[in-house]
Amino acid sequence: MAYTGGVQMFMSNLKQIINCNDIPFINNNPMILCERPQFQLLYLELDSIIQTLFHIHEDHHNPDEVEKVGNLKKRFKDVEEEAQDTIDLFLSALHFRNIRRSRRSVDSKTSLDLFLSGLHFTDTTLSPRSDVFNTSLDLNKILKSIESIKVELKTINFGSMKMDPSSRIDHVKTQSVAAAAVAVAGTSYTRNPLGIKKQSEDIVVGLDRDAEIIRDKLFEDTKQLCVVSIVGMGGQGKTTLATKLFNDPFLKYHFHIRAWATVSQTYVKRDLLIQILTSIGVQDDLEKEYDSKLREKLHKKLMGRRYLIVIDDIWSIEDLDELKMFFPNDNTSSRILLTSRLNEVALHVKPHGCVHSLPSLTEEESWELLKQKVFHGNECPEWLIEPGRQIARKCYGLPLLVVVMAGVLAEEPMNKDLWENIACSYIVGDQKGCLETLALSYHHLPDHLRECFLYLGGFPEDFKFKVERLTWLWVAEGFIEEDGNRSLEDTAKAYLMDLINKNLVIVERRNEIGDVKACKLHDLVRELCVQKAKEEEFFLKIDSPTSSSQLLEGITYEQRRIFRSQPVSLNIPHPPTPTTRSLLCFHENLDSSVFIARSFVLLRVLDVQNCRVDDFPQGLGLLIHLRYLAVWFLSEFPNSICNLWSLETLILRKFHFGFTRLPRNIIDLVNLRHLWSDSLLYFSYIEKPMNWHSISRMMFEYGVDNVQNCFPNIRKLVLDCDSDFQKHTKFLELLPYLENLKLIDPELGYGHIAFPVTLKKLSLRRCASPWIHMSMIQLLPNLEVLKLQGILFTTEREWDASEKQFPQLKFLKLSLDIKHWKASSTSFPRLKQLTLRSCEYLEEIPLEIGEIVTLELIEIKYCNNSVVKSVKRIQQEQQDVGNDELKTTIDGRDLYLSQSAAGSESE
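With positions in the sequence shown counted from 1, the corresponding number in this note's numbering is that position plus 5.
For the record, the hints were derived by calculation from the structure and aren't laboratory data.
Accuracy of the hints is not assured; some may be wrong.
In the DSSO-like style, the derived pairs of lysine-lysine whose C-alpha atoms are separated by at most 27 angstroms in a straight line are [claimed, not checked]:
1) Lys155 x Lys249
2) Lys837 x Lys525
3) Lys293 x Lys747
4) Lys815 x Lys765
5) Lys765 x Lys792
6) Lys293 x Lys257
7) Lys539 x Lys293
8) Lys293 x Lys79
9) Lys809 x Lys827
10) Lys146 x Lys78
11) Lys892 x Lys249
12) Lys721 x Lys471
13) Lys539 x Lys82
14) Lys274 x Lys329
15) Lys293 x Lys469
16) Lys421 x Lys469
17) Lys469 x Lys78
18) Lys874 x Lys818
19) Lys877 x Lys792
20) Lys257 x Lys498
21) Lys815 x Lys257
22) Lys874 x Lys824
23) Lys818 x Lys837
24) Lys522 x Lys329
25) Lys837 x Lys765
26) Lys874 x Lys766
27) Lys874 x Lys827
28) Lys818 x Lys257
29) Lys78 x Lys471
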């Protein structure tokens with residue numbers, strides 16, 4: 006067990022209680038002030054153990070001493086968690102008592118009074134006089150436990166161990182430096198660095214023949230809607246093969262519409278309809294539509310078009326029969342591609358054909374895949390070939406096991422004995438054997454990644470993790486260790502990339518410049534997560550409908566995390582379970598905030614954004630230890646939420662469009678870093694600097710000045726602009742860390758506007774501007790992504806991009822009213838993708854654009870024929886000089902100029 010982020014988080018919280026000057030609740034409470042000597046003593050005692058216990062390099066030749074250290078670390082973790090719970094319960098008790106006093110001092114009943122009266126403060130389960138909510142603080146028992154650990158620590162034979170005099174080991178940095186040092190010595194091989202053109206998840210072995218067979222079936226000359234099925238066991242590569250076909254250039258050209266949806270064992274018709282509509286580019290707010298409206302939208306989109314729909318991982322014949330009704334059969338040669346583990350499901354569609362059973366990899370194919378994943382094109386040392394072949398052979402042809410084993414091997418020294426031990430340590434024969442093999446990769450995870458990995462198992466099957474939200478959750482849970490000057494969120498992303506590189510997490514989607522945007526788990530890997538989490542009591546999962554009483558039977562006093570995927574009644578009062586720190590709900594039904602406030606008073610993470618409530622749950626304002634809150638509500642933002650001084654991430658989801666006016670005391674959220682909403686946020690008052698890192702849909706009202714002094718650390722900003730925006734433009738260039746900026750409806754005018762040189766992403770939407778501002782954007786030295794959408798230029802209709810250079814631009818998206826565009830091959834020296842949408846006046850794309858050596862894709866949608874002709878000419882010229890890397894798409898279909906593709910085009 007390493008010095009975890011959870012320990013660091015508690016030490017930081019203690020330090021804040023001891024030294025904090027900007028939290029009124031702490032600094033104005035005499036009971037907290039008088040207990041500060043206890044807090045200081047506890048901090049010093051914990052720190053003294055940390056400096057010794059967590060800086061020992063364990064010598065594996067002394068197993069007895071190693072076991073002693075491991076046991077002491079476990080005991081220390083238990084004591085540290087007990088100390089956290091004790092202090093947090095003390096703070097909650099004081100907070101409840103303060104509110105109770107405030108209630109008594111008010112003559113008339115307010116809405117908060119009514120809520121508090123519902124909490125029954127006379128009940129011993131919530132009274133500050135009860136055993137649970139004790140307003141006195143006694144840390145003697147905890148300090149005695151710490152002293153016991155210190156005494157036993159002195160009995161360890163340090164002569165057999167090495168001490169690390171530095172602070173904690175930086176896992177990410179140490180691994181990369183060590184790997185580089187070994188590589189220089191010539192005895193090891195390292196993975197390719199992130200950002201290479203061919204990502205490791207693109208490596209596919211042994212599926213070419215299968216892809217050719219299924220491609221022929223999809224191209225069969227029949228007008229009727231046809232279903233083609235891929236069948237195989239879990240981990241055999243069904244989804245990989247379907248993905249390979251879905252992205253096949255000729256299939257992308259042949260079908261007008263392509264869509265992807267994942268069904269899994271928990272099939273929900275509504276979710277599947279939304280998946281398909283989103284996949285084909287429907288931008289409406291689909292969550293608010295009725296099912297019948299969703300079916301109507303899908304039918305209109307598909308009617309009369311040649312479409313390919315991939316339905317991944319279907320389990321039920323009944324589900325399949327219902328799905329078939331969604332898709333029109335109007336003789337357009339459309340196809341449905343299914344993947345399933347169950348042969349009977351595939352045969353139900355078409356008993357006598359179009360079912361492809363996926364064979365296992367051969368031993369040679371398994372070895373080839375393992376080599377590519379471990380060595381990335383480098384040669385395998387001769388002394389590793391035989392044990393490597395044994396490992397590949399024992400994966401029994403399952404690609405998933407091969408790539409997971411490669412993830413283990415790639416992180417270990419290239420040592421023959423180690424590889425031989427791994428080759429002898431597992432055997433696969435059935436699904437249980439598969440999980441045992443996957444467990445080997447889990448046991449090879451460093452300590453700082455285990456909690457992050459197990460956490461993923463609490464989410465529903467086939468859940469698509471948005472990287473940004475996932476990293477915020479990891480930070481709030483205390484999984485992330487501090488790493489010098491790097492932000493916790495950046496460190497969390499490095500952790501995620503480690504899990505991806507170990508092939509335990511799958512990349513689901515990348516952004517414009519190749520960074521991971523979303524990820525997911527393979528079904529078998531998720532089973533491993535759930536299994537290990539259950540063994541370690543890491544979380545409680547509620548996957549089936551249950552009652553409140555049944556829920557209570559499953560919650561132990563020590564249960565720290567609850568993931569709920571099915572509805573449960575939450576309105577039966579009961580004694581609290583104060584050690585529960587996380588509650589995440591994924592099912593759409595109403596929750597009782599009274600239940601949450603009464604039963605989970607120490608929550609750090611509360612995600613109920615799928616549980617719609619008519620009024621903002623006032624009881625949440627009592628949960629002062631919340632660090633992450635995601636909520637769906639209909640009413641106005643209440644002042645009480647600003648009591649949550651620990652809050653770092655606040656996500657607001659509203660059922661209807663409109664705006665939310667932030668209260669003036671929002672500035673009391675001194676730890677808030679991320680504020681995101683799907684509605685417009687009106688901000689009317691700033692009086693001191695805040696540590697906000699990202700804000701969405703913000704609009705500053707009249708009277709807001711000195712913005713740059715109030716958001717000194719802002720990194721990502723989505724700003725809705727009004728007629729008063731001009732006075733705020735001057736502050737943009739003064740934001741020293743701003744990297745991602747999106748301006749909606751900005752009135753840029755003719756005055757001076759400058760952006761910070763730190764910008765990496767810039768998006769302007771619905772903007773009328775003189776062209777002079779474009780030349781200013783070109784000067785930004787770090788800009789990698791530029792999106793100009795719905796731009797009307799008030800002067801010139803010509804853009805001469807040859808005068809200045811975009812030195813780092815990789816992605817350019819244009820939707821504007823220019824007529825002429827001039828550029829040279831050096832205007833965009835690092836451009837990878839060019840997207841034009843609705844440029845109806847543009848006459849052509851400069852032919853010199855095709856000469857950019859880094860360019861990979863030109864994408865055209867809703868542009869006139871002259872632009873289409875210029876794209877075809879660019880691709881033809883590049884093919885003539887041997888450049889087959891450049892791809893072009895027109896209205897979502899790949900453009901190919903080969904003879905076979907030309908024949909399809911004429912069709």
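Holds or violated: Lys421 to Lys469, with C-alpha atoms at most 27 angstroms apart
38 angstroms, violated
Holds or violated: are the alpha carbons of Lys522 and Lys329 at most 27 angstroms from each other?
Violated, because 31 angstroms separates the two Cα atoms, which is more than 27 angstroms.
Would the pair Lys293 and Lys79 pass a check requiring their Cα atoms to be no farther apart than 27 angstroms?
Roughly 48 angstroms between the alpha carbons, so the hint for Lys293 and Lys79 is violated.
Run the distance test for Lys293 versus Lys747: straight-line Cα separation, threshold 27 angstroms.
This hinted pair holds, its Cα atoms lying about 25 angstroms apart.
Pair hint Lys469 and Lys78, alpha-carbon separation not exceeding 27 angstroms
Measuring from Cα to Cα gives roughly 34 angstroms; hence the hint is violated.
Take a quick look at whether Lys809 and Lys827 sit within 27 angstroms of each other, Cα to Cα.
Holds - the C-alpha atoms of Lys827 and Lys809 are around 11 angstroms apart, at most 27 angstroms.
Please verify whether Lys818 and Lys837 have alpha carbons no more than 27 angstroms apart.
11 angstroms, holds
Holds or violated: are the alpha carbons of Lys146 and Lys78 at most 27 angstroms from each other?
Within the cut-off at roughly 18 angstroms; holds.
Would you check the hint for Lys815 and Lys765, treating anything up to 27 angstroms between C-alpha atoms as holding?
Within the cut-off at roughly 10 angstroms; holds.
Agreement of Lys837 and Lys525 with the hint, judged by alpha carbon distance not exceeding 27 angstroms:
Holds: Lys837 and Lys525 sit about 26 angstroms apart, inside 27 angstroms.
Quickly compare the C-alpha distance for Lys874 and Lys824 to 27 angstroms and report which way the hint goes.
Satisfied, since the Cα-Cα distance of roughly 15 angstroms is no more than 27 angstroms.
Are the Cα atoms of Lys293 and Lys257 separated by 27 angstroms or less?
31 angstroms, violated
Of the numbered hints stated above, those contradicted by the structure are hints 1, 6, 7, 8, 16, 17, 20, 24, 26, 29, listed in ascending order.
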